[in-house]
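Visitor: Here the structure of chain X is known, so what remains is to put chain L in place on it, guided by the hints.
These protein sequence lines map, in sequence, to chains X and L.
Heads up, the first sequence is in our numbering, so the first residue is 175 and it goes up one at a time.
Heads up, the second sequence is in our numbering, so the first residue is 94 and it goes up one at a time.
None of these hints come from the bench; they were simulated from the model.
A portion of the hints provided could be inaccurate.
Below, computed lysine to aspartate or glutamate pairings styled on DMTMM-like, alpha-carbon distance capped at 20 Å [said to hold, decoys possible]:
no. : chain 1 : residue 1 : chain 2 : residue 2
1   : X       : Lys758    : X       : Glu795
2   : X       : Lys313    : X       : Glu268
3   : X       : Lys609    : X       : Glu568
4   : L       : Lys200    : L       : Glu212
5   : X       : Lys758    : X       : Asp622
6   : X       : Lys275    : L       : Glu223
7   : X       : Lys275    : L       : Asp356
8   : X       : Lys275    : L       : Glu335
9   : X       : Lys734    : X       : Glu708
Just so you have them, the derived chain X footprint on chain L, three or more residues with Cβ under 8 Å [what the hints assert, rightly or not]:
no. : segment
10  : 226-234
11  : 366-377
12  : 403-415
13  : 438-452
Listed below are several chain X residues computed to face chain L (Cβ distance under 8 Å; list not exhaustive) [what the hints assert, rightly or not]:
no. : residue
14  : Lys275
15  : Leu276
16  : Ser279
17  : Pro280
18  : Glu723
19  : Ala728
20  : Pro731
21  : Lys734
22  : Val813
23  : Leu847
24  : Arg850
Every residue, glycine too, gets a C-beta built ideally from N, C-alpha and C.
The primary structure of each chain is shown beneath.
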Amino acid sequence: MPNHRLQIHPILPIPQREGFEFYWEENRFTGLPGETISAALFANGVHVFGHHLRDGSPQGIYCANGQCAQCLVLENGKPVKACMELVSPEARIEPLNTLPKLPESPATSYMQPVEELRIPVLIIGGGPAGLSAAIELGKLGVPTLLIDDKHHLGGKMVLQTHRFFGSREAVYAGTRGIDIAARMADEVKSLSPYVQVWLNSTALAVFSDRKVGILRDGSQYVLVKPEALLVASGAREKSLAFRGNWLPGVYGAGAFQTLLNRDLVLPAQHLFIVGGGNVGLIAAYHALQAGVEVVGLVEALPECGGYKVHQDKLKRLGVPIFTSHTILSANGDQTVESATIAQVDARFQPIPDTEKTFACDAILIAVGLDPVNEFYTKAREFDLPVFTAGDAGEIAEASAAIYSGKIQGFEIARSLSYPAPEIPEEWRRQAEILKSKPGKLIDSDGPDAEPGVYPMIHCLQEIPCDPCSSVCPRGLIQINREDIRKTPVFDTTQGVCSGCERCVAICPGLAITLVDSRKDPEHPLISLPFEFPETLFPEGELVTVVDIEGNFLADLPVVKIRHIKANDRTRIVRVQAPRELARKIAGIRLLNQSANPLKEDQSADAREAMICRCERVSAAEIRSLIRAGIHDLNEIKAVTRAGMGACGSKTCGPLIRRLLLEEGVPSAEIMDLTRRPLFVEVPLGVFAGVKPDSGGDGDR
Amino acid sequence: MTGNPSSSYDAIIIGAGSVGVPAAFSMARDGLHVLVLDGNASVGQGSNKSAIGGIRATHSDPAKIHLGLRSIETFSTWEDQYCEDIGWRRGGYSFVAYTAEQEEAFKSLIVLQKSYGLEILWLDRPELLELIPGVNPEHLLGGTYSPNDGSASPLLAIHAMYSHACKLGASFHFNEPVTEIRVEHGRVAGVGTPCGYYSSPIVINAAGAHAAQMAKLAGIDIPVTPDAHEGGITEPVARFLEPMIVDTRPADGSANFYFYQNDQGQIVFCLTPHPSIWGYNIRETSSFLPMVARRMVEVIPRLAHLRVRRTWRGLYPMTPDGFPIIGWAQDVEGYLLAVGMCGQGFMLGPGLGELLSRMSQHQLMDEDERVLKILSPARAFTGQEKLK
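Next up, chain X with everything else stripped away, as it sits in the complex:
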């Protein structure tokens, strides 16, 4: 019996849980308490959850976020989203291959009236922005209801095992996302009764009478009328049209992180990543930490858009990065078996004869995020006082989301005339800094070589980040306090480095090493940060050390691995190196591979590029309509059903718009899709107030 659950992880604890049995078709599988159906199926090696009724195409996990409905399975005869429902003992899970039967139901005489609630502030989304706003509102004594559609607070922070960038003082920089989530969630809970939290509760619609319809705890319909609404619903991942983009094994980057870091299952062994922004780069790192080989990463631009430190980290670990490349196809029969990429020209068109195909069993799409802003738009339309924070307003790092939530918390309190101080100009400046994109590259050779011990800072790009400067006990690492985007400088005039390695451990970019020549000036010790299980490189074993961008320097033995609690799961690996290499060594290579493409091109029989996954509408079909003169998204929808599926055009809407632009339709001429409730599908019985046991869902 295969078991694809994570057994070991350098950062995440793997809880020991007593398993139970459930059925997948006729097979008895083991599930774990708290595990989603999708996680339980992945753990047992099942990646195809059903087949689309239109064309029999295999269906599986795509968003892992309750948004796309591609993971529908039958649970005891009822269709459910496998990524949202928890598996239960003796559950009978079956693939969905045809239209599901509607179960029989006895007549119900009792229907509960819809509960209505008034509250000063409603916050949609318990991620970094929503939590942060709730904390400020709670502290100011403003009654606030925070809802989140997941079982835990924290939003996407619960997936972020890495240390956050930003300001240590303002937004917990240097701490891991998972721990920031826990800390903020605890703080929110401590602010009861001012802050009330509903988990597993999804906002469904903002109505014209300024009430917000909420599916509470998956089973009860509640109408909440807030005086002010904060939309902190985060972002959704953009999709990309390429052949085979719908095959099980093609995921959004967030989906893959969810499977790995929340669900603790291994979705793949060999991963290819599309997109060199921070999301793609971090996803690659997380995959490596879980033991997944990252076969390669493509970025269409000549440079990756994410932080240089993230990119360098991957290069050092041995991940091949192909800039000015795009993905042409995902290839495979029932699931992904390989990915074909090609070089692109200045207009992003693939250059013939540059195709390369790599074997892989998963492809991540990390080509950017779009704000989840439909509630904001509706609230504006209906004159409900509304605010946004975090990605729902503007896509940026989580640290920026935390800070914008804090500011919006104050703004909302003030708008409702609660006594709250005016927002200092300094905060707004800080907010702008935290949102800023990576800036210019700095040329630095580091401090002059010295006889003693000193840090080498391989952080050569202006990004908003300051933990190294705040952690040095002697204040020797300095960053401009007015603008933490400036790169850190090791200032020898202030004193002497003690070699404590704290800067090495805390740097979120893993971009600081320590060169210690005190014992042997000819063979200094180099301290390197390392976030992988130490069993990979036991002391005494040879490791390949590389320079900042991953170029080979030497094979050296591991002298010592320091794994102390104060360093919060960042191991420090010490190697001894010849003096001339010491300052160049920036990391250890993990993957000893050189991106060998397959000899055979498997893309020849790749399938169509799918735009609407729900209704199976291909790019070719939509392009032909556009070429026939149809430029209104609503008309394209009417003719093809693209956008009429379960996800409510969340994925295909932006893709169709992009096709229109590619076909030369001016942006101003494109009529947007009309947005309608509901945000996700909800059973009629919930609206009718039928007791869950006699009709509706949510019986767990």
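Guide: Leaving out everything else, chain L in the frame of chain X:
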């Protein structure tokens, strides 16, 4: 597409919707040079896309029964004739009865309806339970069943007719609202838009919810006022329901409501608010879903499991008596009214389109005279449609 100021047409239709498009199709087929003007970006973007797709000839008067039967003929044969799927399904309609008064009223209507050529029968309780498995039997007395009624996708149907109208030579101008109707010496001369002026001896008002404004442009008052209804659609499930169910019982906040399972397997539903909500507001209300869900789950309890996918709100252009207004305007020669469909524009469209074409050519058939008498703009509006 911008207007050519010197263009002249045999007829100009205002509104590329449920009525205007089949009218353009029929007229182009009959060889007329026709222009359709619409302020929206594409075809059917007014109330057509809000229609739930029910198509019936089950009405209470000979005019609508006649137009309905003609329309069903077009919808039901479309796929055979043009090899295009418009989502047609002959599932029938059933008006269910829970009170003696309802039973009485339906039964007496059936006699009339049959006399006008409609195939309809009364099903007693056991027969109805067989026709609608899973229906709540409590207080159920029976219901009507008109097996030839059905449903189609308003989106696909109107697009199909639009495409064929274009192929037959009809012109459509979108994003071009009519801002002027020129009347010279008591008859229409043409219409103006921000893009140009088009002359024509015939102007057809098929402007749906905006019909009254379009009549006003020609100096005519017509009693058409829209009210708003909400509808919704669920996820698809395996077929379990054949006919459209219409429950005419009044309840708190609503008059009747109705639902059916479309060709995709989705339940499409709609509810008539009571009292009516007049005006052009089509913003979604918080009261609709709880109200309609209760009523649906009460009638068919298993619907509780079915997930709602999307809801919307659309406009019913209402007349005082609940019947459409079809005919030449009394005071402006050449101005043809095809307005006040009371939410039935889609199901009446094809039959009406043929009629409008014959009217434009002044080639009426005998049956047309009777229809036009009943639906005349000059009528007293004292009656009341019994199956709104």
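Visitor: Now look at each hint and say whether the structure bears it out.
Guide: Hint by hint, here is what the structure shows:
1. X:Lys758 / X:Glu795: Given that 20 Å is the threshold and the Cα spacing comes to 53 Å, the pair is violated.
2. X:Lys313 / X:Glu268: violated (48 Å)
3. X:Lys609 / X:Glu568: Holds: X:Lys609 and X:Glu568 sit about 9 Å apart, inside 20 Å.
4. L:Lys200 / L:Glu212: Holds - the C-alpha atoms of L:Glu212 and L:Lys200 are around 13 Å apart, at most 20 Å.
5. X:Lys758 / X:Asp622: holds (13 Å)
6. X:Lys275 / L:Glu223: Between X:Lys275 and L:Glu223 the Cα gap is close to 18 Å, so the pair holds against 20 Å.
7. X:Lys275 / L:Asp356: holds (15 Å)
8. X:Lys275 / L:Glu335: Distance ~15 Å between X:Lys275 and L:Glu335 Cα, so the pair holds.
9. X:Lys734 / X:Glu708: holds (10 Å)
10. 226-234: Answer holds; 3 residues pass the 8 Å Cβ test.
11. 366-377: Since three or more residues must qualify, the claim that chain X covers the segment 366-377 of chain L holds, with 3 doing so at under 8 Å.
12. 403-415: Our answer is that it holds, as 3 residues pass the Cβ test (under 8 Å) against chain X, meeting three.
13. 438-452: violated (count 0)
14. Lys275: Nearest chain L Cβ about 5 Å off; hint holds.
15. Leu276: Interface hint status for X:Leu276: holds (4 Å vs cutoff 8 Å).
16. Ser279: holds (4 Å)
17. Pro280: Constraint on X:Pro280 satisfied, holds at 6 Å.
18. Glu723: violated (49 Å)
19. Ala728: With a minimum Cβ separation of about 60 Å from chain L (threshold 8 Å), the hint on X:Ala728 is violated.
20. Pro731: violated (61 Å)
21. Lys734: With a closest approach of 58 Å, the X:Lys734 hint is violated.
22. Val813: holds (5 Å)
23. Leu847: Because about 12 Å separates X:Leu847 from the closest Cβ in chain L, which is outside the 8 Å limit, the hint is violated.
24. Arg850: Nearest chain L Cβ about 5 Å off; hint holds.
Checked against the numbered hints given earlier, the structure breaks hints 1, 2, 13, 18, 19, 20, 21 and 23 and satisfies all the rest.
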